[in-house]
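Asker: Just need the whole structure built from these sequences, with the hints factored in.
Residue numbers (this note's numbering), protein chains in the order written: chain A, 1 to 422; chain B, 1001 to 1550.
Treat the hints as calculated values from the structure; they're not laboratory data.
The C-beta atom is built at its ideal place from N, Cα and C for all residues, glycine as well.
Do not rely on the hints blindly, as some may be mistaken.
Not close to chain A: a few residues of chain B, all C-beta gaps over 12 angstroms, as computed [stated by the list, open to error]:
1) 1059
2) 1070
3) 1155
4) 1167
5) 1178
6) 1294
7) 1300
8) 1386
9) 1421
10) 1455
11) 1470
12) 1529
13) 1543
Derived coverage of chain B by chain A (criterion: at least 3 residues anywhere in the stretch with Cβ under 8 angstroms from a Cβ of chain A; other residues may be distant) [what the hints assert, rightly or not]:
14) 1237–1245
15) 1327–1341
16) 1477–1490
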Amino acid sequence: MSALFALMALWAQDPLPAPVPEVAPAAPSGPEGYCTPRRLALVLEELATKHPDLVRVESLGRSASGLEIPLVTLALLEGDSPRSRPAVLLVAAFGSEDLFGTELALALVRQCVAEAHHEGPVRQLLGRVAVYVVPALHPDVRSQALAGLESGMLASAPRRVELDSNFPAGWDPLAEAGAGPYPLSEPESRALAEFLVANPNVSACLRLVPPSLERPLAVSWPAADVRAQSEWFEGLGAGGLELAARSPGSFLRFAYEERGAFVLALPCSFERGGPLALPRIGDIPRLSREALAGVLHAARALPTLSFCAPTVGALGPAQWSLDIAVTNSGALPTASARARELELLTMPELVVHGARVVAAASIVEGESKSMPVRGSKVTLAELGGGERVGVRLFLSAASATDVRIEVRSARAGSASVAARLE
Amino acid sequence: MVSLRPFLRLLVLALGASPLVGQDEPRYRTCEELERSLDELAALEGTRVARLSHPLLAAAGVVAFEIASKGPVDRSGRPTLLVLGGFDGLSLSGAEAAVACARALGSPASPLLPDISVVVIPCAARAALTRYRTQQRGDGGDDTPVDTDRDGSVDEDGPDDLDGDGLILSMLVEDSAGGWVLSDDDRFLVPAGPLDAPRLALRPEGRDDDGDGRYNEDGPGGVALERNFPLERPAADPSTGTLPLSQPAARALADFVLERRVFAVLSLQGAHGALASPGGTAAIESWAVPDRALYELCVREFRTATGRAQSGALSRRAARLVDQGGVAQDWFAVVGGALSLELAPWGPGVVVTTPGLMLDARFERAAAPASRPPLERDLRWRPYVDDVTGGAAFVPWTPHLLGSARVRIGGWKPWTIENPPPSELARALAGIERFALALAQGAPRLEIEVRAERDGRIATLRARVRNAGRLPTSLAARSAVRSHGGVTLELALEDGQDLLAGRELDELAALAGGESSAEREWIVLAPEGSSLTLRAVAPWCNPSSVKVRP
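Answerer: Take a look at the structure:
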């Protein structure tokens, strides 16, 4: 219950959601109102058509039987690509145990759109981050399960490969019967892994899971990440690294161990009914609100870079010092310790436009230290959550030159500031 | 009119059998030349060689040849020996050895059994081998651009020939963070201890092209296909790929092994000169322990075929003197369930020095306390460089000024320790084809020995299964994909037959070469005149069945 209260408390920080924009049921729903893969695709397509500024629907790939695996991007897209922004990824419905995830994820997308449709904190948030949602990673299982429900013949054929044991980190075919002949042997898991590799801006990966009574494992991963993770979700009742550690070959373990993303399993508590253990249709709005609260919490915590106003000093004819401070205003670091261990990401860098960079120094507690400069670029260290670093740039340019300083980071997006050298 | 065909056949067999290919000087052939030589062989009447038309391999650009005699079982369903040449992307001698195997097994004279198939991929890491041959050096990586130093640029700081000697060797840079110091033999390096100086960084020869203060840390290529497999793959090493089996050729090969009944994989690669069993890491080495006797048997065959002096079974990490995770050899064994062997055509013991040919490069040193003895690998190669090449295989470290940095350039010359000089290639390949043939001929074969009696409608059946091959019917180590790795014996009942005693489906233990199972017995109620069928199946064997009329 503590998880529920915590999520509800978070939810209360945001205004109540506006009514969900009407989306006509373009395709017949599945049995008892649950969403078939076809209906899911049509509903998402309609959302994207109605809200092109907010919703983009693409294909993550195709399932083994050829069904599309939809990928929803929620972001206020004003010309820039979502890939240039900090991002969170929510993946639902890996198999028969979490079929409910699709209903919740779809409702969550609709609620999020409804909120972002109006000015407010959610719209602002989607103006600087991207939220990726995969509502049904395994559409084949959903399709078979709902067909079985409709026909009254629920097949319980043994599954050859469990998607959530088919990821590379900790993959162990000798210990896990459903691990598959090799990691990512299934098109669904491969598509998801390739997406994560191709989108290094994803800092946090989330799953919707049934509540678990299993004891979390102690983890031996970098202490800085364990600390950042627990501070991030303290009080939510959600599991993170310790859950990933317990699940060899799981997506969350892969996301952290091989891609250095922070991970979170959002527990969804509901009374399970029927042979597919799906929530009642009437419970879905409440459950998806809770899940959305977790997703928005994750999105708010994403690392985000910003500048304070620069200070210019003259050093001599056409030579200048320019003091700036770069801040990570998110709760999460610009790269996890694991990502740094793996050297997965390019370091954050400052790029100076309009002047030649002669040298650069970092300023920490009044002490300055030379920084590596390559052409117009100055490499910064990764910044922890809420951390700020001062940089003194030594520039060469004619007087009254307008310069622009840009800071870029794979996971924290970019920011820029302008100054006049005079 | 006299037919020229027999003469042409002999000519092609003779010319294509060695890497000479009509050249004055021995040389390594390109992948195209190697494959063309097998195409020419395949075109000859009477050979058993054909290009393998397999959609997965073809789509990934993998060129394979299948060698099989005519027989009742379709080739694709037969137990298959897979021979991979140079899958490590370095061993051009492995590619040549694969072609030599194909030629020997494909010859009409070779005693290849009719129920076996051999698939040979001469250039299993084509791009890497091509680059190695052209540049006389390489790291086994393919052509995939990899941002090795994670600076956002790819392949921007590769090696250069700094001293203009026409060779790109190694370079030592004095660096307080370097991990090496010179050993007592000042040609070789050893890891630096806490108080050792001067500390050295070992880099390929070349300048700091991207000005980041590091030398040649992001050169051309690539992903090493043979290390792009799962099982303890080091995710932090970009040369193993962004994801396991991310490379189409590696994945196609994995799928091919899963699809076919591959009983053995012979990877012709490496520079240790030995036959290595699975175990790129300690964990896989432990996994392979139950099959120790099998690997000892293979080493005995290897000694007989090649005349090399290997005393016993060696895991891959013991042979290579380094741990490597994510290697194909281990996956072929643990998941593919195959007898997976690495045979290195070249190695320090391949050229045996004889007293009459000694060309000592150095005088005997006075016995001095060895504070920094060279590493085991260098000790193994030292007799070759000193006694065989008279020191010529190694360029001494020579000072060079690189900007403001003092560096030393030197190291192993090309065609010394990774691949033999072309003049030594024939010696390196000697006997490898005999070993491949022994593997193919040793494939397990199931035979069912049955006795049947009848008393009215009651038939009694007694049977045992015998493995008529030299190899066992499967690995003893636990399989990742099979719940039962032994022999399955099935009594197939017809309509009107009832089993009164015994099991319709019996799971027997795996059988060693030449071993017979314990006898099994069935009592069946069967109409007079009807027959009974027994069927035996094992992972590495063609199914065997026998029909008896008691």
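Asker: I'd like to know which numbered hints this structure contradicts. Please list them from smallest to largest.
Answerer: none
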